[in-house]
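Protein chains: 2
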Amino acid sequence: MVYIGIDLGGTNIAVGVVDEKGNILAQTSTPTLPDRPYPELVKDMAGCITTVMDKGGITQDDIVSIGVGIPGVADQKLGTVIFCTNLGWHNIPLREELQKYINKPVYIDNDATVAGLAESYAGVSAGCQSSVFITLGTGVGAGITINGKPWSGAHGVGSELGHMTLVVDGVPCTCGNDGCVERYCSATAIIRMARQACLGCPKSLIMKLAGNDPDKIDARIVIDAAKAGDNTAVQVFNRFAKYLAITINNITAFLDPEMIVLGGGVSKAGQFLLDNVRAQLPRYLMYKNLPSPKLELAKLGNEAGIIGAAMLGRE
Amino acid sequence: MVYIGIDLGGTNIAVGVVDEKGNILAQTSTPTLPDRPYPELVKDMAGCITTVMDKGGITQDDIVSIGVGIPGVADQKLGTVIFCTNLGWHNIPLREELQKYINKPVYIDNDATVAGLAESYAGVSAGCQSSVFITLGTGVGAGITINGKPWSGAHGVGSELGHMTLVVDGVPCTCGNDGCVERYCSATAIIRMARQACLGCPKSLIMKLAGNDPDKIDARIVIDAAKAGDNTAVQVFNRFAKYLAITINNITAFLDPEMIVLGGGVSKAGQFLLDNVRAQLPRYLMYKNLPSPKLELAKLGNEAGIIGAAMLGRE
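Residue numbers (my numbering), protein chains in the order written: chain L, 24 to 338; chain U, 24 to 338.
To be clear, the hints were calculated from the coordinates, so they are not data collected in a lab.
All values reported here derive from a predicted model rather than from experimental measurement.
Positions of the beta carbon are idealized from the N, C-alpha and C atoms, including for glycine.
Careful, some of the hints might be misleading.
[As the list claims (entries may be wrong)] In silico DSS-like cross-links for lysine-lysine, where the CA-CA straight-line distance does not exceed 27 Å: (1) 100(L) / 78(L); (2) 172(U) / 317(L); (3) 291(L) / 322(L); (4) 317(L) / 100(U); (5) 78(U) / 100(U); (6) 250(U) / 172(L).
[Stated by the list, open to error] Here are some chain U residues pointing at chain L (derived, C-beta under 8 Å): (7) 95; (8) 106; (9) 109; (10) 169; (11) 180; (12) 190; (13) 211; (14) 269; (15) 278; (16) 290; (17) 293; (18) 295; (19) 313; (20) 318.
[Said to hold, decoys possible] Now the stretches of chain L that chain U is said to cover, found in silico as 3 or more residues with beta-carbon under 8 Å: (21) 47–59; (22) 243–251; (23) 294–301; (24) 311–325.
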């Protein structure tokens with residue numbers, strides 16, 4: 024038996040056939056073109072399902088269920104998308120619409136939640152009964168797994184790690200609050216802190232790598248410069264890592280999962296990121312002599328979206 | 024069938040016989056006298072069990088299990104107390120020691136966790152599958168219930184809400200970190216903020232109620248003065264309520280439980296506290312138009328410790 028996983032992003036719709044162990048057997052994708060009416064997007068999802076069924080040599084009888092990871096909030100009982108900023112979706116009956124094409128159970132959950140679930144099935148947190156997966160990208164998201172099952176909250180509005188307050192009255196956030204985690208632990212935060220730092224240190228390697236144009240500074244440049252030992256970049260990166268270590272400690276103090284997993288674009292900094300954050304963590308741990316969550320890098324990369332969405336049907 | 028619940032505090036050991044619905048059928052208590060060797064404390068616990076069995080007219084055959092709520096960290100698998108600052112306990116084999124007196128299953132968990140469990144069985148959050156119970160006292164603790172079961176974390180070091188960072192580089196905390204929730208949302212925090220505020224406003228009603236002795240200011244005085252409309256007290260209380268609202272929103276953004284319950288000494292401010300925090304919450308909610316956790320006052324008071332400890336055996 025196999026599971027269909029759909030990763031609905033703002034740019035692409037990626038669809039795959041996934042086996043019970045979380046291996047992708049076949050996959051395809053198509054541009055999202057999010058400005059279209061939603062039935063057209065759903066029609067494209069159904070088309071992709073047909074394509075991957077052909078590619079994988081499977082029939083409808085082989086399919087247990089369809090799972091969809093969305094960049095927003097889902098009502099899992101009703102099978103609707105409550106809210107999806109990037110797509111401009113509000114209360115979209117996604118399950119009902121998708122079942123017009125293929126009559127299988129349809130599960131919907133947040134994209135960070137399903138990415139975390141994927142790591143718990145087939146990635147670094149495989150075998151962990153509880154984990155928190157953190158996506159460090161333009162923003163900061165999280166996928167929580169408890170007792171082996173994804174947890175998006177009683178009302179579906181949980182796992183919004185990026186919008187927990189880290190600094191009361193801190194940097195204003197796009198969500199309307201101030202001092203959100205996302206303003207200190209994202210690629211966007213690294214860029215903001217680097218631009219500020221380069222005002223005082225225009226000879227930083229950051230500026231050189233950005234062609235002396237502050238607008239061209241991105242997180243990768245800052246990380247490369249920090250790896251090369253540039254003073255300004257090291258200071259910016261350490262500050263970012265400090266905020267991330269405090270956030271990780273907050274997760275430990277509150278939920279204490281078996282493992283905390285770092286994913287998303289910034290996690291491509293790899294061992295450099297892991298070593299830096301691990302070095303700062305003990306400073307913040309409350310019970311320094313007791314076991315605490317392992318901190319690891321995500322393994323699955325972009326495929327986590329398809330795998331995790333598919334695995335929603337295994338719950 | 025009945026359950027024995029033991030609330031092990033720094034001052035008293037309270038023991039009760041509890042039925043399946045969480046009603047206390049008989050109870051007793053004895054001073055903890057924490058400086059004694061632990062076997063003596065356990066002997067007193069066993070003595071209290073005999074007393075409540077007599078009082079309740081029950082035999083050993085009626086007892087399903089014994090639960091103990093401790094002010095510290097337990098290893099639930101081994102049945103040991105890992106860590107208990109107030110009692111000076113480290114790696115105490117509590118289950119083994121207690122079973123020398125009465126051979127029943129023994130469950131051990133954190134006191135805030137069991138108080139939250141009690142509210143979920145017989146209190147305000149009865150029927151909720153997920154809840155976070157917050158104790159607002161000298162410090163700040165929490166009891167997390169997920170899928171109807173208590174959650175203390177994968178390593179037993181979770182639900183330490185009071186030691187999540189709320190303000191990076193904020194007020195130094197007794198735990199060694201800076202800016203912990205406990206430094207802003209406890210009775211201790213109210214007292215600190217009130218003393219500071221009274222330096223500039225020595226004619227505040229707070230000072231009058233404290234006999235013009237800043238050392239005599241306590242949380243109750245500040246709350247009474249705020250209820251009476253004293254400007255300084257209202258400002259202090261609103262600031263406290265703001266920090267608490269942000270903390271509550273952090274719980275919502277991350278875990279999104281069905282209900283968040285306010286307990287502990289400061290919650291005796293009752294509706295005045297609830298109204299103030301509820302009024303500040305919408306400002307911080309990310310999804311202002313979606314359902315979010317209910318905020319309520321705890322119902323069970325001091326008995327929550329016995330009831331929740333007893334209910335550990337129902338899991």
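Consistency of the hints with the structure:
Between residue 100(L) and residue 78(L) the alpha-carbon distance is near 31 Å, which puts this suggested pair outside the 27 Å criterion. Of the pairs offered as hints, the one joining residue 172(U) and residue 317(L) holds, with about 24 Å between alpha carbons and a cut-off of 27 Å not exceeded. Straight-line distance between C-alpha atoms of residue 291(L) and residue 322(L) comes to about 10 Å, which keeps the hinted pair within the 27 Å bound. Note on residue 317(L) and residue 100(U): the hinted pairing holds, with a Cα-Cα distance of about 20 Å set against a maximum of 27 Å.
Annotation: proposed proximity of residue 78(U) to residue 100(U) is violated, straight-line Cα distance about 31 Å (limit 27 Å). Simply put, residue 250(U) and residue 172(L) have alpha-carbon atoms about 45 Å apart, too far for the 27 Å limit, and the pair is violated. Below 8 Å, beta-carbon pairs count as interface contacts, and residue 95(U) has none with chain L, the closest being about 10 Å; its hint is therefore violated. At its closest, the beta carbon of residue 106(U) sits 7 Å from a beta carbon of chain L; the interface hint therefore holds under the 8 Å criterion.
Here the hint on residue 109(U) is broken, as its CB sits about 15 Å from the closest CB of chain L, past 8 Å. Here the hint on residue 169(U) is kept, as its CB sits about 6 Å from the closest CB of chain L, short of 8 Å. Residue-level restraint check for residue 180(U) holds (minimum Cβ-Cβ distance to chain L is 5 Å; threshold 8 Å). Given hint, residue 190(U) at the interface with chain L, holds; its Cβ is 5 Å from that chain's nearest Cβ, closer than 8 Å.
At about 17 Å, the closest approach between the beta carbon of residue 211(U) and any beta carbon in chain L exceeds 8 Å, and the interface hint on this residue is violated. Interface restraint check for residue 269(U): the shortest CB-CB distance to chain L comes to about 5 Å, inside 8 Å, so the restraint holds. Taken as an interface hint, residue 278(U) checks out: its beta carbon lies about 5 Å from the nearest beta carbon of chain L, inside 8 Å. Taking 8 Å as the C-beta cut-off, the interface hint given for residue 290(U) is violated, the closest approach to chain L being about 20 Å.
For residue 293(U), the interface hint is violated, since its Cβ never comes within 8 Å of a Cβ in chain L; the closest pair sits about 25 Å apart. Among the interface hints, the one on residue 295(U) is violated; its C-beta lies about 23 Å from the nearest C-beta in chain L, farther than the 8 Å criterion. Interface restraint check: residue 313(U) against chain L, minimum CB-CB distance 6 Å, threshold 8 Å, status holds. For residue 318(U), the suggested interface contact is broken, since its CB lies about 13 Å from the closest CB of chain L, more than 8 Å.
Requiring three or more residues with a Cβ within less than 8 Å of a Cβ of chain U, the coverage given for the stretch 47–59 of chain L is violated, as only 0 such residues are present. Against chain U, the stretch 243–251 of chain L contributes 0 residues with a C-beta closer than 8 Å to a partner C-beta. That does not satisfy the three-residue criterion, and the hint is violated. Interface restraint, the stretch 294–301 of chain L with chain U: violated (0 residues with C-beta to C-beta distance below 8 Å; minimum three). Residue count for the stretch 311–325 of chain L with a Cβ under 8 Å from a Cβ of chain U: 4. That meets the three needed, and the coverage hint holds.
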